[in-house]
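Work out the full structure, taking the sequences as your base and the hints as a guide.
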Amino acid sequence: MTAARRRFEIDDQRWFAAASGDHNPIHVDGEWAVRHFPGALVVHGMHVLLWALDQFAQRRPGASFAAIDATFVKPIVVGDEVVATGSDDGKLIRVTVGREIALVARIEPGETVVDGQLRFEPGTPPSVPSPRTHADIPGFAGVIALPETASSLPARFGALATALGVDRVIGLAAVSTVVGMEIPGLRSMLSKIALKCVPSTAGVLGFAVHKFHDAMSLVELDVLGLGIRGTVSAFAGREPPAPATDEALRRMVAPAEFSGSRPLVIGAASGLGAVTARLLAAGGADPVLTWHASDLDETLQSVRNLGATGCALKLDATSPSQGLTDLAATGWDGGQVYYFASPRIFRRRIELYQAGDFRDFAAVFVDGFYAVVQQLLAQTSGRLTVYYPSTVAIDEKASDLLEYAAAKAIGEQLCARLEKSNSRLKIIVARLPRITTRQTETFLKVKAELPEAVMLPLIRTVQSA
1 MTAARRRFEI DDQRWFAAAS GDHNPIHVDG EWAVRHFPGA LVVHGMHVLL WALDQFAQRR
61 PGASFAAIDA TFVKPIVVGD EVVATGSDDG KLIRVTVGRE IALVARIEPG ETVVDGQLRF
121 EPGTPPSVPS PRTHADIPGF AGVIALPETA SSLPARFGAL ATALGVDRVI GLAAVSTVVG
181 MEIPGLRSML SKIALKCVPS TAGVLGFAVH KFHDAMSLVE LDVLGLGIRG TVSAFAGREP
241 PAPATDEALR RMVAPAEFSG SRPLVIGAAS GLGAVTARLL AAGGADPVLT WHASDLDETL
301 QSVRNLGATG CALKLDATSP SQGLTDLAAT GWDGGQVYYF ASPRIFRRRI ELYQAGDFRD
361 FAAVFVDGFY AVVQQLLAQT SGRLTVYYPS TVAIDEKASD LLEYAAAKAI GEQLCARLEK
421 SNSRLKIIVA RLPRITTRQT ETFLKVKAEL PEAVMLPLIR TVQSA
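1 is the number of the first residue of the sequence shown in the working numbering; add one for each residue after it.
Treat the hints with caution; some may be incorrect.
When the alpha-carbon atoms are kept at most 25 Å apart in a straight line, the in silico DMTMM-like pairs for lysine to aspartate or glutamate are as follows [as the list claims (entries may be wrong)]: (1) K314 <-> D295; (2) K196 <-> E121; (3) K91 <-> D69; (4) K397 <-> D367; (5) K426 <-> D286; (6) K426 <-> E257; (7) K74 <-> E220; (8) K74 <-> D214; (9) K420 <-> D333; (10) K196 <-> D69; (11) K192 <-> E111.
Bear in mind the hints are in silico, worked out from the structure with no lab data behind them.
Fair warning: this is a prediction, and the values are worked out from it, not measured in the lab.
Set out below in structure tokens:
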């Protein structure tokens with residue numbers, strides 16, 4: 001098979017979502033996707049597979065399919081150039097991004113009954129993906145009916161529909177809808193399929209969980225309908241842990257422990273920034289909160305419930321001038337600063353070194369931090385005590401965090417240089433362990449510390465410095 005190349009763009013995402021009914025936000029909602037692994041819109045895996053099989057069928061007229069096995073090795077993100085190649089014997093297809101394999105499909109040739117009759121029965125798939133917990137998964141079963149627009153799928157993949165049958169093309173798309181909208185649902189990632197071609201009877205796709213590996217968050221489904229039968233495997237993301245309640249935070253700190261202070265918390269919308277802002281408020285401080293892309297409402301309401309005024313400002317760490325000018329207008333003239341601005345940390349890796357990722361991290365952890373400190377020094381007269389969160393990844397040399405750790409290491413050196421250059425400035429750097437936040441969500445069970453337990457001693461150090 002000669003190589004086939006293409007890019008999947010946002011319009012392709014919208015078309016496949018409309019045709020299949022798989023509107024999982026990891027595929028179509030840029031704001032949601034940037035906050036979850038891999039930090040970008042992910043192309044529907046079954047869309048990629050359908051395209052690759054169609055390219056195969058175009059290049060091998062008369063090809064037959066008795067079974068299709070596919071492994072989805074790495075997510076493909078919108079805008080990637082993908083290349084599909086096939087083995088000489090016509091039994092293997094690889095889809096690559098750069099030098100990395102993203103998808104491998106194995107084809108078992110064989111005589112399959114193919115007719116032009118469409119047995120597909122349109123229906124109404126879920127309008128939003130189900131946010132199933134791990135407790136919901138064992139034994140779950142049902143059927144998925146695709147929308148009327150699914151009837152356009154065979155025309156889009158015409159060569160494949162000729163070789164495989166129109167119902168089976170729709171059936172393959174229905175796998176995406178089962179995984180993305182039903183089970184595992186919202187926090188899912190397709191892993192493998194092993195499907196055989198069978199006579200097409202049911203016009204919908206039935207599914208049932210036959211095994212759930214909780215430690216690996218791996219769901220194995222049996223599927224049957226629309227001319228296919230077999231198994232589908234997908235990862236099920238874990239539900240984010242509920243944040244500590246306001247009452248729990250009040251029990252951790254004395255009511256006036258931080259009173260009289262007005263610390264600046266940069267990046268307070270979620271994660272460690274939100275936890276820090278809430279702990280400060282519980283201890284009597286009146287923190288000034290900044291946000292950029294994420295919604296601040298939940299954190300803001302919590303700090304107000306805890307007794308703080310809850311001043312909030314928009315601040316882009318990569319271009320902080322306007323946000324800091326707005327801060328000066330509130331009368332803030334120095335004190336404690338907590339710097340939690342951060343892009344998505346865990347990302348898909350397709351190269352040994354990913355320069356774009358390093359630039360993203362350095363823009364916030366080095367350039368942005370430097371700009372923030374310099375402007376704060378220029379526009380305030382009081383002493384500044386700045387907290388800079390670093391990472392144990394510098395010591396562990398984790399291969400998947402190379403660019404992140406490198407940017408943080410440079411940030412540490414910058415902190416030392418800044419502090420040495422100005423007597424009004426003190427910077428406290430701490431290398432944090434893996435902590436349970438949205439940034440560290442994973443499909444696997446991984447040991448992680450509770451954010452309140454890690455941050456409270458550091459907050460006390462900063463507030464008393």
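ask   = Within 25 Å, alpha carbon to alpha carbon, are K314 and D295?
value = holds, 10 Å
- Message: Next pair to validate is K91 with D69; report whether the Cα-Cα distance is within 25 Å.
- Response: holds, 10 Å
Hinted pair K426 and E257, Cα distance within 25 Å: holds, 21 Å
Hint consistency between K397 and D367 [alpha-carbon to alpha-carbon, up to 25 Å] = Within the cut-off at roughly 23 Å; holds.
Are K196 and E121 close enough, with their CA atoms no more than 25 Å apart?
Holds. K196 to E121 sits at ~20 Å (cutoff 25 Å).
Within a Cα-Cα threshold of 25 Å, do K74 and D214 meet the stated pairing?
holds, 21 Å
Mind checking the alpha carbons of K196 and D69 for me, to see if they're no more than 25 Å apart?
holds, 9 Å
Given the proposed pairing of K74 with E220, does the C-alpha separation stay at or below 25 Å? holds, 19 Å
**Prompt:** Is it true that the CA of K426 sits at most 25 Å from the CA of D286?
**Reply:** Since the Cα atoms of K426 and D286 sit roughly 21 Å apart, the hinted pair holds (cutoff 25 Å).
Check the hint pairing K192 with E111 against an upper bound of 25 Å on the C-alpha distance. Measuring from Cα to Cα gives roughly 24 Å; hence the hint holds.
25 Å limit on alpha-carbon distance, applied to hinted pair K420 and D333: holds, 21 Å
When each numbered hint is compared with the structure, no violation occurs for any of them.
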